[in-house]
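Which chain is which? The protein sequence lines are A and B, in order. Residue numbering for the first sequence follows the working numbering, beginning at 1 and increasing consecutively. Residue numbering for the second sequence follows the working numbering, beginning at 1001 and increasing consecutively.
In short, the hints are calculated from the structure, not lab data. Take the hints with a grain of salt, since some may be wrong.
As the list claims (entries may be wrong) - Listed next, with one range per pair, are the computed distances between beta-carbon atoms:
id: 1; chain 1: B; residue 1: T1063; chain 2: A; residue 2: A362; range: 52 to 62 Å
id: 2; chain 1: A; residue 1: S130; chain 2: B; residue 2: I1062; range: 55 to 65 Å
id: 3; chain 1: A; residue 1: G319; chain 2: B; residue 2: Q1044; range: 20 to 30 Å
id: 4; chain 1: A; residue 1: A9; chain 2: B; residue 2: N1002; range: 51 to 61 Å
Backbone N, C-alpha and C define an ideal beta-carbon position, used for all residues, glycine too.
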Amino acid sequence: MYAKLVVGASLISPIAAIRDIGRLITSASPNTANLGAFSTASSIIVDNTPAGWTYVGGVLANDQPSIANTSMATTLLGTNNSVNLCFSAPCLSGSALKYCVLTPSNFTTVTSAGTLNNGFHLTGASNASSTGVVTNEGPRYYLNLASGVTVVNQTSNGPLNPGFLSSNTGTTLHVIANPRHLTIISEAVGHAAIWETSTTDVHTFYGIAPFMQHTMYGAGSSTASFPTATSTGPTYIGTSRVYSQSSFTVFNVTNPVGGTNYGVYNFFLNAGSGQDTTHGNGQWHMNSMPVTSNQRNNTINSAGSPRYIVNPIFFQLGGIGYPVQFVTGVTPVYLTSSQLGNTGDTVDVNGTTYTFFNVYHATYNGTSYGLLMTTG
Amino acid sequence: MNSEEVKNHFAGNRVYLFDGSKDELNDLMVANGISYGTLFANHQLYFVVHDQSLSIPTDERITEV
């Protein structure tokens, strides 16, 4: 399923936005009739293959046992309400489910005029109930807030970091999903995703669902240089741009040595002052894309013509004794440079057609990147 | 991982020890509408509730660390 969702002339309520997304990813026939908030005139269901996620439940009575209908009033919310919508999907191996949670960002409680006043989060979890009780929810991320801004009622276990998913006017969200993943790309901003990975014997032994929560911010710096590869000369297109504000989280993982079980395990999190210190950096090697200015993401083909490098995504929980897990190959995604083309362009990768998503902000493009995904 | 390390792991949050199984903890939390996070270390089940506005239910199996 691939839906391009556009916020119309007026901002929309985050609870209405996540209900729209929830209806789409659980629908047997995703269509614009699922939308009660996003513009039905501007939004498009590009690929209506059912996403295959199952609605588990939510906090509000109106969202039990199914998501409220599109006509439901969408005024949000008391400041002390922790509202959510929870979903699950099976994994390719094992019986454990992967869970994801959509949560309004409690914007009414942002206590200063930060740039975010209307948004929501996508997180993973190890369990959820029909009443929206979540076990081991991953960290939530907030859009850039001015220095000193505080957010009360912070209910997640992550620091206040830049977040990506706004429902303000001018926002375009690309929602791509199948039973392996849910990926929400905010155009020119970043993405938040739940990605199933390959499994390992450790996962099998402990009955762990192999998936991760991943966020990446693509508008984090105003400095960038993106010359397009035009020759076989040493044209570097890299800057140190990709991992400056990203997070990688897995759930319910047990360390075979000692048996410690981490409900939430942030194996790499680097978001400025929000850098995670509780789980230890360096336990990842998401060797998916060169990240420093002396690395390049362009190469040549066998005829010597310029060609971009398409990067598979994989990682290793080396700190707790897990072998490499591959994202690419299970979830249909590759990481690339930005500006390969326009969002929606198609790219052939080893005989399969992928759609390119250009996470590139016209001004703040220092952390820009691209994703290639199939949409079915 | 001792209790002090567990508290550091959940820095900034109230940490509780639960004398029971994960399923029993989940039943208790679902009954009270409380989302939570867990850590199992040294054969002991710890949990945190990130929403500071929520009250932890009174239960003899729960001890604040």
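- What are the numbers of the hints that this structure violates, sorted from low to high? Violated hint (a single one): 2; every other hint is consistent with the structure.
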